[in-house]
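*Asks:* This is what each chain is made of:
2 protein chains.
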Amino acid sequence: MSFLQDVVDILLQYVVKSFDRSTKVIDFHYPNELLQEYNWELADQPQTLEEILLNCRTTLKYAIKTGHPRYFNQLSTGLDMVGLAADWLTSAANTNMFTYEIAPVFVLLEYVTLRKMREMVGWPGGCGDGIFSPGGAISNMYAMLIARFKMFPEVKEKGMAAIPRLVAFTSEHSHFSVKKGAAALGIGTDSVILIRLQEEFGLLRSDFAKCFLSATAGTTVYGAFDPLIAIADICKKYKIWMHVDGAWGGGLLMSRKHKWKLNGVERANSVTWNPHKMMGVPLQCSALLVREEGLMQSCNQMHASYLFQQDKHYDLSYDTGDKALQCGRHVDVFKLWLMWRAKGTTGFEAQIDKCLELAEYLYNKIKNREGYEMVFDGKPQHTNVCFWYIPPSLRSMEDNEERMSRLMKVAPVIKARMMEYGTTMVSYQPLGDKVNFFRMVISNPAATHQDIDFLIDEIERLGQDL
Amino acid sequence: MSFLQDVVDILLQYVVKSFDRSTKVIDFHYPNELLQEYNWELADQPQTLEEILLNCRTTLKYAIKTGHPRYFNQLSTGLDMVGLAADWLTSAANTNMFTYEIAPVFVLLEYVTLRKMREMVGWPGGCGDGIFSPGGAISNMYAMLIARFKMFPEVKEKGMAAIPRLVAFTSEHSHFSVKKGAAALGIGTDSVILIRLQEEFGLLRSDFAKCFLSATAGTTVYGAFDPLIAIADICKKYKIWMHVDGAWGGGLLMSRKHKWKLNGVERANSVTWNPHKMMGVPLQCSALLVREEGLMQSCNQMHASYLFQQDKHYDLSYDTGDKALQCGRHVDVFKLWLMWRAKGTTGFEAQIDKCLELAEYLYNKIKNREGYEMVFDGKPQHTNVCFWYIPPSLRSMEDNEERMSRLMKVAPVIKARMMEYGTTMVSYQPLGDKVNFFRMVISNPAATHQDIDFLIDEIERLGQDL
Numbered sequence: 001m002s003f004l005q006d007v008v009d010i011l012l013q014y015v016v017k018s019f020d021r022s023t024k025v026i027d028f029h030y031p032n033e034l035l036q037e038y039n040w041e042l043a044d045q046p047q048t049l050e051e052i053l054l055n056c057r058t059t060l061k062y063a064i065k066t067g068h069p070r071y072f073n074q075l076s077t078g079l080d081m082v083g084l085a086a087d088w089l090t091s092a093a094n095t096n097m098f099t100y101e102i103a104p105v106f107v108l109l110e111y112v113t114l115r116k117m118r119e120m121v122g123w124p125g126g127c128g129d130g131i132f133s134p135g136g137a138i139s140n141m142y143a144m145l146i147a148r149f150k151m152f153p154e155v156k157e158k159g160m161a162a163i164p165r166l167v168a169f170t171s172e173h174s175h176f177s178v179k180k181g182a183a184a185l186g187i188g189t190d191s192v193i194l195i196r197l198q199e200e201f202g203l204l205r206s207d208f209a210k211c212f213l214s215a216t217a218g219t220t221v222y223g224a225f226d227p228l229i230a231i232a233d234i235c236k237k238y239k240i241w242m243h244v245d246g247a248w249g250g251g252l253l254m255s256r257k258h259k260w261k262l263n264g265v266e267r268a269n270s271v272t273w274n275p276h277k278m279m280g281v282p283l284q285c286s287a288l289l290v291r292e293e294g295l296m297q298s299c300n301q302m303h304a305s306y307l308f309q310q311d312k313h314y315d316l317s318y319d320t321g322d323k324a325l326q327c328g329r330h331v332d333v334f335k336l337w338l339m340w341r342a343k344g345t346t347g348f349e350a351q352i353d354k355c356l357e358l359a360e361y362l363y364n365k366i367k368n369r370e371g372y373e374m375v376f377d378g379k380p381q382h383t384n385v386c387f388w389y390i391p392p393s394l395r396s397m398e399d400n401e402e403r404m405s406r407l408m409k410v411a412p413v414i415k416a417r418m419m420e421y422g423t424t425m426v427s428y429q430p431l432g433d434k435v436n437f438f439r440m441v442i443s444n445p446a447a448t449h450q451d452i453d454f455l456i457d458e459i460e461r462l463g464q465d466l
Numbered sequence: 001m002s003f004l005q006d007v008v009d010i011l012l013q014y015v016v017k018s019f020d021r022s023t024k025v026i027d028f029h030y031p032n033e034l035l036q037e038y039n040w041e042l043a044d045q046p047q048t049l050e051e052i053l054l055n056c057r058t059t060l061k062y063a064i065k066t067g068h069p070r071y072f073n074q075l076s077t078g079l080d081m082v083g084l085a086a087d088w089l090t091s092a093a094n095t096n097m098f099t100y101e102i103a104p105v106f107v108l109l110e111y112v113t114l115r116k117m118r119e120m121v122g123w124p125g126g127c128g129d130g131i132f133s134p135g136g137a138i139s140n141m142y143a144m145l146i147a148r149f150k151m152f153p154e155v156k157e158k159g160m161a162a163i164p165r166l167v168a169f170t171s172e173h174s175h176f177s178v179k180k181g182a183a184a185l186g187i188g189t190d191s192v193i194l195i196r197l198q199e200e201f202g203l204l205r206s207d208f209a210k211c212f213l214s215a216t217a218g219t220t221v222y223g224a225f226d227p228l229i230a231i232a233d234i235c236k237k238y239k240i241w242m243h244v245d246g247a248w249g250g251g252l253l254m255s256r257k258h259k260w261k262l263n264g265v266e267r268a269n270s271v272t273w274n275p276h277k278m279m280g281v282p283l284q285c286s287a288l289l290v291r292e293e294g295l296m297q298s299c300n301q302m303h304a305s306y307l308f309q310q311d312k313h314y315d316l317s318y319d320t321g322d323k324a325l326q327c328g329r330h331v332d333v334f335k336l337w338l339m340w341r342a343k344g345t346t347g348f349e350a351q352i353d354k355c356l357e358l359a360e361y362l363y364n365k366i367k368n369r370e371g372y373e374m375v376f377d378g379k380p381q382h383t384n385v386c387f388w389y390i391p392p393s394l395r396s397m398e399d400n401e402e403r404m405s406r407l408m409k410v411a412p413v414i415k416a417r418m419m420e421y422g423t424t425m426v427s428y429q430p431l432g433d434k435v436n437f438f439r440m441v442i443s444n445p446a447a448t449h450q451d452i453d454f455l456i457d458e459i460e461r462l463g464q465d466l
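Residue numbers (this note's numbering), protein chains in the order written: chain H, 1 to 466; chain L, 1 to 466.
Isolated chain H (complex conformation) (with noise of 0.2 Å):
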């Protein structure tokens, strides 16, 4: 036990250095070096707990400090005390979710939670089904699986062979986990239609039979809303089973001043919402939410005796375990639970509320800033903040492929910066036929205005020699 608390004694003092602005948010080191800075190896015989405590402080010297206030380089940033508390009580713990008989309070809080995040979806009384996968892209392949299993289940015994060839349709920036999902399932990237929303979804044409639209609300890169009544008409029409991606977007679900984007989800058969993104709770933490009742466990059950006996003496409605696909599964669902207990719907808002302000923001105070050019225009409809910093050998040239070239540079070298000084992290990448650009995204409630200011005065400060 002194050994216990002395290990919480080391993360104690990381988590207060993660929110220190004086502390660097990494100390980079390439791969090659990292692996001779330290011998990691595995070997025959023991350390001693001295040894592993160096272990752990040495791991924590190299590791990123994802709740940082000016760690902005991912969906996921930030670190709740109440969802780290909750995920210390899961490890403790230590158990599985796929039955009541080994985790009971963690089945009814899963049943709890997920009946609450359908209410918020839109569905009469919190109707339906789900479960807490881990990640949205398994989330987001269960959705593609369900809406097969929906239209043809047949193939569920017989295979992609005994079933017409199969289309699935998702929008322009949608996540790669789409293609992903239909690469596993067997219906081959090729059969995923990327469409453009503005062509009224011609590609509908096509012959084969078609089981599945993604929709997103909050693409990764841009914080894009797909407009989902119009896709619900759509989908309607062509009896398509209608997925909403609202991995990062779902969020906004908690914020009255910002759900009006979600606008139709309630219309969805099925939805992903990861509350480790815009919820800021601990990483991981993603929930598929279904509108039909009892489809997930047709689709996936195998009745496995071992675990799912009929015999035993409580209510079976309570082994939920063979709706998943995976057989051991990770308790998820506390950490989002404890914290939504901690902040109330309301906190979840606030928190939200203000991330969508800091992002507003930093949009106001670049959008007409010497050395900035947006890559979209508008208010950014979420925390996505997209944009180029022109340095000022760029600022008189001509628009030429020359400019391209160097342009497309410049954002790789300042972010190279920003990790060997570690003074912040921003996501950069390019799309499309827009070379690099910086991705800004704010999840992380411990960030200011000064954090954003800095931010800016930094960019310019790594950027201006480029």
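None of these hints come from the bench; they were simulated from the model.
Just so you know, not all the hints are guaranteed correct.
What the hints assert, rightly or not - Capping the alpha-carbon separation at 20 Å, the derived lysine to aspartate or glutamate pairs in DMTMM-like fashion look like this:
no., chain 1, residue 1, chain 2, residue 2
1, H, Lys17, H, Asp451
2, L, Lys379, L, Glu357
3, H, Lys116, L, Glu370
4, L, Lys312, H, Glu420
5, L, Lys312, H, Asp27
6, H, Lys24, H, Asp377
7, H, Lys312, L, Asp377
8, L, Lys24, L, Glu420
It should be emphasised that the depicted structure is a prediction, and the values quoted were computed from it without experimental measurement.
With chain H fixed as given, assemble chain L onto it according to the hints.
*Replies:* Positioned in the frame of chain H, the structure of chain L alone reads:
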């Protein structure tokens, strides 16, 4: 911080109690009772930190003490202090495995640990590839996915419609996840052929393309090991991908005394091995190991430009996320790595040997004891000991249908009583033509001979009147 320390104090008390034999394994309540016992609902308004602490205490009050030395219910039992500390550190670091950029240490530790595991499998120099995935079922599904891709790489783009019909093979008592995987991948459960090994794979005469054979090293109920050398010969002859599901049995590779049971595993194309089972690593920790390097990457990659930028300033081979089906991926490696450092390979060996010795002790105690019948002949190969307890009222009965139907009810009633008293927990199930029997498994190094003696006494105490 004082809140976090308060939670830690609650958790440390819980952990100490988990190992105390005078504490109940479970304070059992029926689902409806438990729902009413406390207000678990989510509300608009926040609770105080005092209330949050009460939520934690209440959750733990009704949780199963999976670290209790008399909790034998699942393949994953026990609570390792270093593993727990490592999981707490993982939560505090709160990052994602997709890129080196945001998980530098953890990516390297995954590399080091998977290579070590492949060495223990017996692949030269630990060559190959792998990933930690959310549980053995997903690891097995990965293996099937990769095998299909190896045989027909066009399936990724073109789907199952473009390739021949597939058939997969698995041994008789294999885990249900092989079928779940086949259903999900569009192969269909009817195309999973259960083979009896003594029939010399007669079913291999199927006309469909033979893409995959899953052998089991440590079946879930019996703990049996398929003859891997013979299976490797067959797979070689028919050019079938050989997968070994060692989710449960893989741990025996750590034991010089028992690893011969997996002889032939070095000839497999892929291996599932769950350190969260026999090695006592906290949930979840499952590895999929693949002999051919690069195949996982080709099979699953989608080149998302917002994550896997090609112009980063470090060696991109450490951005391993694109080989996963998941996008975000929880850090599951650190708890295994830190435990391995703390115990050394020899420490894992000692705890595994001890669990197998305890299983043999149980087997020797009951094999000729009045009131017990063994389900299969001979010593257990793993820690699974399968037996019927025959109450006095059944002992002199003829072996007829009435006896069967009465015997069928014995284990469920004893199990229900165990849970109501909270004294111990063991699993039971029917299997094939065998009515409900107990499956005892031992994976908790805290268990002792006295706990085995207790279990026998307790079954007799709770079952003698039946």
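*Asks:* Which of the listed hints are not met by the structure?
*Replies:* 3, 6 and 7
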